[in-house]
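J.: In order, the protein sequence lines correspond to chains Z and F. Quick note: the first sequence uses numbering that gives the first Met the number 0, first residue 0, plus one each step. Quick note: the second sequence uses numbering that gives the first Met the number 0, first residue 0, plus one each step.
Quick caveat, the hints were computed from the structure, so don't treat them as lab data. It is possible that part of the hints are untrue.
[Claimed, not checked] The following residues of chain Z were derived to be distant from chain F, with all beta-carbon distances above 12 angstroms:
{"hint": "1", "residue": "R13"}
{"hint": "2", "residue": "T67"}
{"hint": "3", "residue": "G122"}
{"hint": "4", "residue": "L146"}
{"hint": "5", "residue": "Y291"}
{"hint": "6", "residue": "D383"}
{"hint": "7", "residue": "E434"}
{"hint": "8", "residue": "G440"}
{"hint": "9", "residue": "P523"}
{"hint": "10", "residue": "G605"}
{"hint": "11", "residue": "S609"}
{"hint": "12", "residue": "H658"}
{"hint": "13", "residue": "K678"}
{"hint": "14", "residue": "P712"}
[Stated by the list, open to error] With a straight-line Cα cutoff of 30 angstroms, these simulated DSBU-like cross-link-like pairs (lysine-lysine) come out:
{"hint": "15", "chain 1": "Z", "residue 1": "K336", "chain 2": "Z", "residue 2": "K381"}
{"hint": "16", "chain 1": "F", "residue 1": "K118", "chain 2": "Z", "residue 2": "K638"}
{"hint": "17", "chain 1": "F", "residue 1": "K146", "chain 2": "F", "residue 2": "K1"}
{"hint": "18", "chain 1": "F", "residue 1": "K143", "chain 2": "Z", "residue 2": "K419"}
{"hint": "19", "chain 1": "F", "residue 1": "K143", "chain 2": "Z", "residue 2": "K418"}
{"hint": "20", "chain 1": "F", "residue 1": "K143", "chain 2": "Z", "residue 2": "K650"}
{"hint": "21", "chain 1": "Z", "residue 1": "K97", "chain 2": "Z", "residue 2": "K74"}
{"hint": "22", "chain 1": "Z", "residue 1": "K638", "chain 2": "F", "residue 2": "K143"}
{"hint": "23", "chain 1": "F", "residue 1": "K146", "chain 2": "Z", "residue 2": "K641"}
{"hint": "24", "chain 1": "Z", "residue 1": "K12", "chain 2": "F", "residue 2": "K143"}
{"hint": "25", "chain 1": "Z", "residue 1": "K460", "chain 2": "Z", "residue 2": "K336"}
{"hint": "26", "chain 1": "F", "residue 1": "K1", "chain 2": "Z", "residue 2": "K57"}
{"hint": "27", "chain 1": "F", "residue 1": "K1", "chain 2": "Z", "residue 2": "K59"}
{"hint": "28", "chain 1": "Z", "residue 1": "K678", "chain 2": "Z", "residue 2": "K158"}
Glycine included, each C-beta is placed from N, C-alpha and C at the ideal position.
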Amino acid sequence: MSAKKTMLGAPIKRKEDIRFITGRGRYVDDFNPPNTVYMGVLRSPYAHAKINNIHFNKEKIKPLSILTGNNSPLKPLPVFINIPGMKPYSPQALASGKARYVGEPVAAIVVDSRSDVEDALEGIQLEYEPLEAVVDAETALQTGSPLLYDEWGTNLIVKRTASRGDVDRAFREAEATVKGRFKIGRQTAIPIENRAVIASFDPYSERLTIWCTSQQPHRTRDTVAEAFNLPLEKVRIIAPDVGGGFGVKFGVYPEYLLATYFTLLLKRPVKWVEDRREHLMSAIHGREQTHYFEMAAGRDGRITGFKDHVVADVGSPSIISMSPPAKTLQLITGCYKLENFKVDVDFVATNKAPFGPVRGNGRPEAILVVEHALDLVAQELKMDPVEVRMRNFVSPRDMPYDSGTGLRYDSGDFAAVLKKACELIDYNGLRKQQEAQHGKGRSIGIGAVCYVEDTGFGPSKTSGRPGYETAFIRVERTGAVNLYTGASPHGQGLETTLAQICAEELTIHPEDVNVVFGDTERVPYGIGTFGSRSAVVAGSAALLAARKAKEKMLAIASHVLDASPESMILGGGVFMSGGEGRSISFRDVAKAAYDAAGLPPRLEAGLQASSYFDPPALTFSCGAHVAVVEVDSETGNVKVLKYVVVDDCGKVLNPVVVHGQIEGGVAKGIGGALLEQLKYDENDQLLTSTLMDYLIASSMDVPELEIDRLETPSESNPLGVKGVGEGGTIGAVAAVVSAVQDALRPFGGGVDQVPLTPEVVWRLLWKQTG
Amino acid sequence: MKQVSTTINGQKYVGNAEPRTLLVYFLRDELGLTGTHIGCVVGKCGACSIIVDGKVVKSCMMFANQAEGADILTVEGLAQGSKLHPIQEAFWENHGLQCGYCTPGMLMASYYLLKENPKPTEEEIRRGIAGNLCMCTGYVNIVKAIKAASEKMQAGGQSQK
Ligand code: FES
Ligand code: FES
Chain Z
0 MSAKKTMLGA
10 PIKRKEDIRF
20 ITGRGRYVDD
30 FNPPNTVYMG
40 VLRSPYAHAK
50 INNIHFNKEK
60 IKPLSILTGN
70 NSPLKPLPVF
80 INIPGMKPYS
90 PQALASGKAR
100 YVGEPVAAIV
110 VDSRSDVEDA
120 LEGIQLEYEP
130 LEAVVDAETA
140 LQTGSPLLYD
150 EWGTNLIVKR
160 TASRGDVDRA
170 FREAEATVKG
180 RFKIGRQTAI
190 PIENRAVIAS
200 FDPYSERLTI
210 WCTSQQPHRT
220 RDTVAEAFNL
230 PLEKVRIIAP
240 DVGGGFGVKF
250 GVYPEYLLAT
260 YFTLLLKRPV
270 KWVEDRREHL
280 MSAIHGREQT
290 HYFEMAAGRD
300 GRITGFKDHV
310 VADVGSPSII
320 SMSPPAKTLQ
330 LITGCYKLEN
340 FKVDVDFVAT
350 NKAPFGPVRG
360 NGRPEAILVV
370 EHALDLVAQE
380 LKMDPVEVRM
390 RNFVSPRDMP
400 YDSGTGLRYD
410 SGDFAAVLKK
420 ACELIDYNGL
430 RKQQEAQHGK
440 GRSIGIGAVC
450 YVEDTGFGPS
460 KTSGRPGYET
470 AFIRVERTGA
480 VNLYTGASPH
490 GQGLETTLAQ
500 ICAEELTIHP
510 EDVNVVFGDT
520 ERVPYGIGTF
530 GSRSAVVAGS
540 AALLAARKAK
550 EKMLAIASHV
560 LDASPESMIL
570 GGGVFMSGGE
580 GRSISFRDVA
590 KAAYDAAGLP
600 PRLEAGLQAS
610 SYFDPPALTF
620 SCGAHVAVVE
630 VDSETGNVKV
640 LKYVVVDDCG
650 KVLNPVVVHG
660 QIEGGVAKGI
670 GGALLEQLKY
680 DENDQLLTST
690 LMDYLIASSM
700 DVPELEIDRL
710 ETPSESNPLG
720 VKGVGEGGTI
730 GAVAAVVSAV
740 QDALRPFGGG
750 VDQVPLTPEV
760 VWRLLWKQTG
Chain F
0 MKQVSTTING
10 QKYVGNAEPR
20 TLLVYFLRDE
30 LGLTGTHIGC
40 VVGKCGACSI
50 IVDGKVVKSC
60 MMFANQAEGA
70 DILTVEGLAQ
80 GSKLHPIQEA
90 FWENHGLQCG
100 YCTPGMLMAS
110 YYLLKENPKP
120 TEEEIRRGIA
130 GNLCMCTGYV
140 NIVKAIKAAS
150 EKMQAGGQSQ
160 K
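Use the sequences and the hints to build the structure in full.
T.: Encoded structure:
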């Protein structure tokens, strides 16, 4: 097959798009089974309160059924991420005894019509006894702070440390040191589709079907079956089209179990579709951490030591709350060869919504802080920040590199991506311009950073959880292909990417490959789509499954053609016997497999194969981001003027899809650096409960991007790919912060938090100059 | 409950709505036109954007009753049979969508933008869709798609519909 004909690496249009652009996408809320009833969830108005009695207002609509936490028979939700030594807790679907955050479900009702939900909820009154709350992690660590769990005697859930070398000595002997406090605000993912579920129990077949907004249908099935003691084979989870996830649709939410409870009770489909307010107060929050960091360096710009104390505010702990801070700790040394470091992380419970993964999951936080520390070192030494980075990178010669934090970087040339990005944006030219404009009223800042990230979650062995992904392929009698994937895409373009992979292997057209996903009854057991893993792990599974199908087809073809198996080749959808010049089409071989009469002895009829691909190791993507910003010193407003990304995510399967992932990621990072913020007031109420208050990047906030790449193929999967779903965000938060820091330099100021809203930037400027 | 009759995508629709029923719920739940989406119900995300009497509106900001007698275009009505509208083609060709959730609203906002301003600059495009939020694409390819659609429609010598 000539390289030109290859499907992989081609910028082909996405298969899934037709249904989306014509309004035929099917999201959970688009399904309306007959006889559906609607669920509403009553949420705690208090951040911390004892829950006593329940009252009903007779005037209001009477619900068909009601469940409160104090009489709930539901089992606690299984905690998915456990850290050794952490304090025990059991997240409940409905708060019982006491509520621990504003928005925590305390009761649920069902009514006949969607428009009655609000009225019915107003008719229930719970008696609360408000308790003193704590919504700040550092306050929560002080003695005398209110406690989320009295039995713990503290709010510190667990403390983790990573260290290497002799950090004290490094600081004693340092020629220069910098230090700072950096506060990363609370943010969330904001898929434009909110969460939704329909649970439907059919009493005749005793089968339960649940449609839900999920990144992990099989795990949801396991949890639901276990929670209600249902036979696994009688539970079916469908994640139809899902309108974005970015981490917040990773886990099983209390509402999914509540809807299940009601359908089992009422034998009618139960639907719950949240509104944005519920989403902002009770779907997963992320990011929030405060870092106290110090960095030691020699006058030559070599980093000799790094210390960081991280206070991570995980809110009221839930099923995956421990994941982001743990990931921050693993990635805290970024792209740099640090011989001496010590980093510890306090995982702290507060009276805020549960915490968990938000695009990047703890990685943007780590990269932001280490890159910021390097900027301060450059400033201290009056060196160019890019030069400081160049002196400290882990080099390709060091690979595989043990980070000392539990990761083993497999590959990547950090200096090369940064060099290329600087060339693309004309870094030196920009610096000269910046110099020339200095003092002329425009505050331009340039930020150039590098990130590395672990992608392609697995392997099962070292992670202690299933880390494989699955594919099942069936070549139909017509030669068309059905590919069933265990991954659960929600915007990543996986239908196209997997079709390309199969098409390439089988030398057919991607249009002839239909990709099926998101239905536990149709697809093989899957782990799901998260952590930049689908192309890597699910893609490899698809390739291996296609390869097995091809092997069988070769055997059939050689038998039909009466040619030696070794002489057979497949190209352009035709099986050819090289020597004898005989051939048979892909389609005819498929037909032969099902007609069976002409099959070779001992070969079964049919044409299907499966693969459970478990990667031997994580694979590491990297990239450099350079941002140019302008800070308006009158208003504090920051505008991103120019943006360049050079990414290395290994082999690129479809550049259109890969660039799309980077562009979306960068927009999220810009939003994270400048806009996004979940705010609680002094009464512990969530102030940002609509999209009017919680701002995300709009078309006016994101510039045109220039994207280029290096391709260092991964050696831990047969495709050579690395994940790309999160790198855009990881690089962008750090790059924008670095650029603003650079812009503030002439004012003698610096940044110490995100988001850098106009108000914050104005204060940072004003504090120094006013 | 009141009867509401409208013309949607060239077809007559009659349905029932309570005084407080929002137009977006009427379209979706009463008429089964689920192409129009909901992301915020406060007029901020644009997922519910449709064309009412020639103007782009956020259908969560209107009551169903207010649409009595209106001429409405939703995403379902953009294509002519299996022939895609140039804006749809351009979104497809330029990877202007990922999860597809913001897409119907984005298409309708683009439709209105190009109707009002057939040759918009990049700045005008960005302004034109500033009320439509997308969390997947970073807008880069949406802007490109609208540019491409404008060119297609110019070349086609007409702005369809
Ligand atoms: S749902 Fe109408 S603007 Fe968001
Ligand atoms: S494509 Fe997902 S929100 Fe725009």
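J.: If a hint holds in the structure, say so; if it doesn't, say that too.
T.: Hints, verified against the model:
no.: 1; hint: R13; in the structure: violated, 7 angstroms
no.: 2; hint: T67; in the structure: holds, 27 angstroms
no.: 3; hint: G122; in the structure: holds, 18 angstroms
no.: 4; hint: L146; in the structure: holds, 36 angstroms
no.: 5; hint: Y291; in the structure: holds, 32 angstroms
no.: 6; hint: D383; in the structure: holds, 29 angstroms
no.: 7; hint: E434; in the structure: holds, 29 angstroms
no.: 8; hint: G440; in the structure: holds, 23 angstroms
no.: 9; hint: P523; in the structure: holds, 23 angstroms
no.: 10; hint: G605; in the structure: holds, 34 angstroms
no.: 11; hint: S609; in the structure: holds, 27 angstroms
no.: 12; hint: H658; in the structure: violated, 8 angstroms
no.: 13; hint: K678; in the structure: holds, 17 angstroms
no.: 14; hint: P712; in the structure: holds, 24 angstroms
no.: 15; hint: Z:K336 x Z:K381; in the structure: holds, 21 angstroms
no.: 16; hint: F:K118 x Z:K638; in the structure: holds, 26 angstroms
no.: 17; hint: F:K146 x F:K1; in the structure: violated, 42 angstroms
no.: 18; hint: F:K143 x Z:K419; in the structure: holds, 25 angstroms
no.: 19; hint: F:K143 x Z:K418; in the structure: holds, 28 angstroms
no.: 20; hint: F:K143 x Z:K650; in the structure: holds, 25 angstroms
no.: 21; hint: Z:K97 x Z:K74; in the structure: holds, 16 angstroms
no.: 22; hint: Z:K638 x F:K143; in the structure: holds, 21 angstroms
no.: 23; hint: F:K146 x Z:K641; in the structure: holds, 20 angstroms
no.: 24; hint: Z:K12 x F:K143; in the structure: holds, 15 angstroms
no.: 25; hint: Z:K460 x Z:K336; in the structure: holds, 27 angstroms
no.: 26; hint: F:K1 x Z:K57; in the structure: holds, 27 angstroms
no.: 27; hint: F:K1 x Z:K59; in the structure: holds, 23 angstroms
no.: 28; hint: Z:K678 x Z:K158; in the structure: holds, 26 angstroms
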